[in-house]
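**Student:** Sequence:
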Amino acid sequence: MVNIPKTKKAFCKGCKKHMTMKVTQYKTGKASLYAQGKRRYDRKQAGFGGQTKPVFHKKVRSLVGGRGGGP
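Under the working numbering, the first residue of the sequence shown is numbered 215, with each subsequent residue one higher.
The hints are simulated quantities; they were obtained by calculation from the structure and are not laboratory data.
When the alpha-carbon atoms are kept at most 25 angstroms apart in a straight line, the in silico DSS-like pairs for lysine-lysine are as follows:
1. K220 / K230
2. K222 / K236
3. K222 / K273
4. K272 / K236
5. K244 / K272
6. K241 / K220
7. K223 / K273
8. K272 / K222
9. K273 / K236
10. K222 / K241
11. K231 / K220
12. K273 / K244
13. K220 / K273
14. K272 / K220
15. K241 / K227
16. K223 / K241
17. K241 / K267
18. K241 / K272
19. K267 / K252
20. K252 / K241
21. K244 / K258
22. K272 / K258
23. K241 / K273
24. K244 / K267
25. K236 / K223
26. K273 / K252
27. K220 / K236
28. K272 / K252
Given these sequences and hints, build the entire structure.
**Tutor:** Quick look at the structure:
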């Protein structure tokens with residue numbers, strides 16, 4: 215794992231100036247069971263034959279979030 219800074223100076227749209235903000239790790243949202251791709255994938259995976267599609271291991275990226283301590 216790479217060490218990244220806990221805070222970062224970034225532009226705040228609300229204050230219209232640069233502020234110190236916390237850096238958080240990107241997390242994916244919950245996947246829907248009823249999305250077309252998921253339904254197709256589940257149908258394809260059913261039965262014999264093992265894994266049918268490549269498993270993608272996404273690299274983690276960091277996000278700058280929220281408002282910092284402002285005036």
